[in-house]
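Chain order of the listed sequences is A and B.
The letter at position 226 of the first sequence is residue 226 when you use the working numbering, and the numbering goes up by one with no holes.
The letter at position 233 of the second sequence is residue 233 when you use the working numbering, and the numbering goes up by one with no holes.
It is worth saying that the hints were derived from the structure and are not from the lab.
Glycine included, each C-beta is placed from N, C-alpha and C at the ideal position.
Do not take every clue at face value.
Stated by the list, open to error - Simulated pairs of lysine-lysine, BS3-like, Cα-Cα distance not exceeding 30 Å:
id	chain 1	residue 1	chain 2	residue 2
1	A	K268	B	K135
2	B	K171	A	K243
3	B	K269	B	K207
4	A	K107	B	K370
5	B	K269	A	K237
6	B	K14	B	K246
7	B	K161	A	K243
8	A	K118	B	K81
9	B	K81	A	K237
10	A	K167	B	K2
11	B	K371	A	K243
12	B	K246	A	K107
13	B	K246	B	K138
14	A	K220	A	K202
15	B	K167	A	K243
16	A	K237	A	K91
17	A	K228	B	K135
18	A	K237	B	K14
19	B	K14	A	K264
20	B	K2	B	K207
21	B	K138	B	K163
22	B	K163	B	K55
23	B	K351	A	K243
24	A	K34	A	K118
25	A	K113	A	K58
26	B	K292	B	K207
27	A	K243	B	K163
28	A	K268	B	K138
29	A	K167	B	K371
30	B	K292	B	K269
Said to hold, decoys possible - Okay, the calculated bits of chain A under chain B, using three or more residues with CB under 8 Å as the criterion:
id	region
31	142–154
32	282–291
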Amino acid sequence: MSILVDSNTRLLVQGITGREGSFHTRQMLDYGTKVIAGVTPGKGGQQIEGVPVYDTVKEAVGDTAANTSIIYVPARFATEAIYEATDAGIKLIVCITEGIPTLDMVKACYYVKLKGSKLIGPNCAGVISPGKAKVGIMPGSIHKEGNLGVVSRSGTLTYEVVYNLTKNDFGQSTCVSIGGDPVIGSSFIDILELFEEDSQTKAIILIGEIGGTDEEEAAKFIHSKMRKPVIALIAGKTAPPGKRMGHAGAIISGGTGTAEEKIKTFQKFSIPVADSPLQVVDLVSAVLDESG
Amino acid sequence: MKIYEFQAYEIFIKRGIPSPWGEVAKTSEEVKKIAEKLGRPVVVKAQVLVGGRGKAGGIKLASTPEEAYRAAERILNSKLKGILVKRIFVKESVSIKEEYYLGVTVDRAQKRVVVMVSPAGGIDIEEVARTNPEKIFKFYVNPLLGFRSHQADELASALTKDKNLVKGIAKILSDLYRIFEEMDCSLVEVNPLVITKEGSLFALDAKIIFDDNALYRHPEISSLRDLEVEDPLEVRAKEAGISYVKLEGNIGCIVNGAGLAMATMDLVKHYGAEPANFLDVGGGASSQQVGKALDIILSDEQVRAVLVNIFGGITRCDIVAEGLIQALSKREMNLPLIIRLTGTNEEEGRKKLKGIKGIFLAATMNEAAKKAMEVVKS
């Protein structure tokens, strides 16, 4: 089955005429994703990579019945793009954009939820269900269809893990990059819930990093609510406190958000933690053997 | 972005938050003059962008201008928690009956702004959260409604039963929230807010941290930045669009992606060596970006070896390898360079780099980190 995106995904690209937007539209089309519309205000009527461009999301949805949107709009206009997609009734919004002010996201996350839509990101690599649809900026070629769910706050670290999995013949059901900002639309738990219900997914890999307590909450949830095995990888053991490590959300502040604390919580609940991306493969192989 | 107490104090004053009178000084002479002008006991406070100044000896009470001078002599140009003190904030001293904590921040898990108060003021709030979490009262703000005055009243009454004080504290809470919201902050904090023996309220400290992502719409805030105290390499990296954080080790790391960069540093440590930095070259890993990253790493005199860990995804490994070769050809490199390229077209990429003097090719991250350790330890 996979989660969030599949062959029924009808994708709309917000910011399709931009450099990033048009480049990744081509990449997603090549992967086989049904990219059926694009939106850039004021540029309606054009075609990008054969995809019709509209001025507004509402028009695009009316014409094409798009059900998912991906946002490549620059940070200062991205929040507006999220609101526009929500108001047009899009049920899944994936926001790639990095650098959106946190307080804008506090409001946007609240509104999206109020309207019954789902937001992935911002500052994320997107979602891919191998063999079905790619809604993001990840390299499609490193993925392989299979039964492992991957959920991560990072981009390239996820690629690294997925690449090793695929090389060792472990395919993926869906890989979700939830984003590196302090306030994001979907947390680990939101995605874990979906994987737990998904018939294709047999085990899940959670890739976390320093900052916040989302990993700790996830560990509690896995312990009390999940039957499927989960393996964790946490980046940032060597990160100093008070410094932002690239991602806006990757910062240890006031003694909370350390990798040590996160790893301790997973271990407390007997959830295996890999000490390197390479070791994830060994741990996956072990839990799959155990669960048959 | 952090600002100094005296800068946050000025913002507080403009918003009408009651604060003891104060002035900033750069020399002990100036400190003495300010104390003389005031004609009352003062508090001499080191201005550095780290917490826990009191414990570290950066805050002194002085009853006379001479005492203030002597305190300033000790503090100015000394190092507080490793940071050089260049400025002193001289503040009127007030009598203290009660100390409270007030703060506004973003609760990441709740995805809401949270306004917090605690009767355990004057101490580190994280310490209170660990030892006496029941002493912290929180109000989660509805994002569409904002922080209403009756909500501020209710939160303030967790601190005192005195109706006048509740009113005063509620007003301060509303003002703090307004600063937080209007200036796109990630933290606004008063610790402590004191009630004097005469029954007045005063914010004895002022702390504001701004959201870096929102600075573009607040040009007036960017001008408060003190570039002098920032690491010059970090400033240079930022200008080049590179995320860089200087650390204490000797293995320079160049990686694409923040998560992968952290995982690389962790592995270096895992094999018994120390990373010299965090560095994310950003998407694409073009030869220009890699070149800039190399320049930054090579400017760090502690670096003994350079570890490059690039995941070639949409940008193929052979293109990344060409970029690396180009970047290297323009620079004098006397340090061993350990390169690990993986992802799309990795074989072609490695072939291009094979046999170049001074370059060690590693097949995995683990091998690369181990090699880097061996090189610096030999």
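Hint check results:
The suggested pairing of K268 (chain A) with K135 (chain B) holds, with an alpha-carbon distance near 27 Å, which does not exceed 30 Å. A hinted pair counts as satisfied when its Cα atoms are at most 30 Å apart, and K171 (chain B) with K243 (chain A) does not qualify at roughly 33 Å. For a cut-off of 30 Å, the pair hint linking K269 (chain B) to K207 (chain B) is broken: about 34 Å separates their Cα positions. Annotation: proposed proximity of K107 (chain A) to K370 (chain B) is violated, straight-line Cα distance about 46 Å (limit 30 Å).
The suggested pairing of K269 (chain B) with K237 (chain A) holds, with an alpha-carbon distance near 9 Å, which does not exceed 30 Å. Distance check on the hinted pair: K14 (chain B) and K246 (chain B) sit about 36 Å apart at the alpha-carbon level, beyond 30 Å; violated. Under the criterion of a C-alpha separation no larger than 30 Å, the hint pairing K161 (chain B) with K243 (chain A) is inconsistent with the structure, at around 40 Å. Between K118 (chain A) and K81 (chain B) the alpha-carbon distance is near 45 Å, which puts this suggested pair outside the 30 Å criterion.
Under the criterion of a C-alpha separation no larger than 30 Å, the hint pairing K81 (chain B) with K237 (chain A) is consistent with the structure, at around 22 Å. The suggested pairing of K167 (chain A) with K2 (chain B) is violated, with an alpha-carbon distance near 45 Å, which exceeds 30 Å. About 28 Å separates the Cα atoms of K371 (chain B) and K243 (chain A), which keeps this hinted pair within 30 Å; it holds. Restraint check for K246 (chain B) and K107 (chain A): the C-alpha separation of about 34 Å exceeds 30 Å, so the hint is violated.
A hinted pair counts as satisfied when its Cα atoms are at most 30 Å apart, and K246 (chain B) with K138 (chain B) does not qualify at roughly 36 Å. A C-alpha spacing of about 19 Å is found between K220 (chain A) and K202 (chain A), which places the hinted pair at or below 30 Å, so the restraint holds. For the suggested pair K167 (chain B) and K243 (chain A), the alpha carbons sit about 38 Å apart, so the restraint of at most 30 Å is broken. Note on K237 (chain A) and K91 (chain A): the hinted pairing is violated, with a Cα-Cα distance of about 37 Å set against a maximum of 30 Å.
Between K228 (chain A) and K135 (chain B), the direct Cα distance comes to roughly 38 Å. Violation of the 30 Å bound is thereby established for this hinted pair. Using a Cα cut-off of 30 Å, the hinted pair K237 (chain A) and K14 (chain B) is violated, with the two alpha carbons roughly 42 Å apart. Among the hinted pairs, K14 (chain B) with K264 (chain A) is inconsistent with the structure: their alpha-carbon atoms are about 45 Å apart, more than 30 Å. Between K2 (chain B) and K207 (chain B) the alpha-carbon distance is near 8 Å, which keeps this suggested pair within the 30 Å criterion.
Our distance criterion of 30 Å between C-alpha atoms is met by K138 (chain B) and K163 (chain B), whose separation comes to about 20 Å. For the proposed pair K163 (chain B) and K55 (chain B), the alpha carbon gap of about 34 Å is over 30 Å, so the pair is violated. For the given pair, K351 (chain B) sits about 37 Å from K243 (chain A) by alpha-carbon distance, which is inconsistent with the 30 Å threshold. About 19 Å separates the Cα atoms of K34 (chain A) and K118 (chain A), which keeps this hinted pair within 30 Å; it holds.
Restraint check: the Cα-Cα separation between K113 (chain A) and K58 (chain A) comes to about 19 Å, which is no more than 30 Å; the hinted pair holds. Of the pairs offered as hints, the one joining K292 (chain B) and K207 (chain B) is violated, with about 35 Å between alpha carbons and a cut-off of 30 Å exceeded. Using a Cα cut-off of 30 Å, the hinted pair K243 (chain A) and K163 (chain B) is violated, with the two alpha carbons roughly 42 Å apart. Distance check on the hinted pair: K268 (chain A) and K138 (chain B) sit about 28 Å apart at the alpha-carbon level, within 30 Å; holds.
Of the pairs offered as hints, the one joining K167 (chain A) and K371 (chain B) holds, with about 23 Å between alpha carbons and a cut-off of 30 Å not exceeded. With a C-alpha separation of about 25 Å, the suggested pairing of K292 (chain B) with K269 (chain B) holds against the 30 Å cut-off. Only residues whose C-beta sits within less than 8 Å of a C-beta in chain B count toward coverage, and the region 142–154 of chain A has 4 of them, enough to reach three; the restraint holds. Using a Cβ-Cβ cut-off of 8 Å, 0 residues of the region 282–291 of chain A lie near chain B, which falls short of the minimum of three, so the contact claim is violated.
The earlier numbered hints that this structure contradicts are 2, 3, 4, 6, 7, 8, 10, 12, 13, 15, 16, 17, 18, 19, 22, 23, 26, 27, 32.
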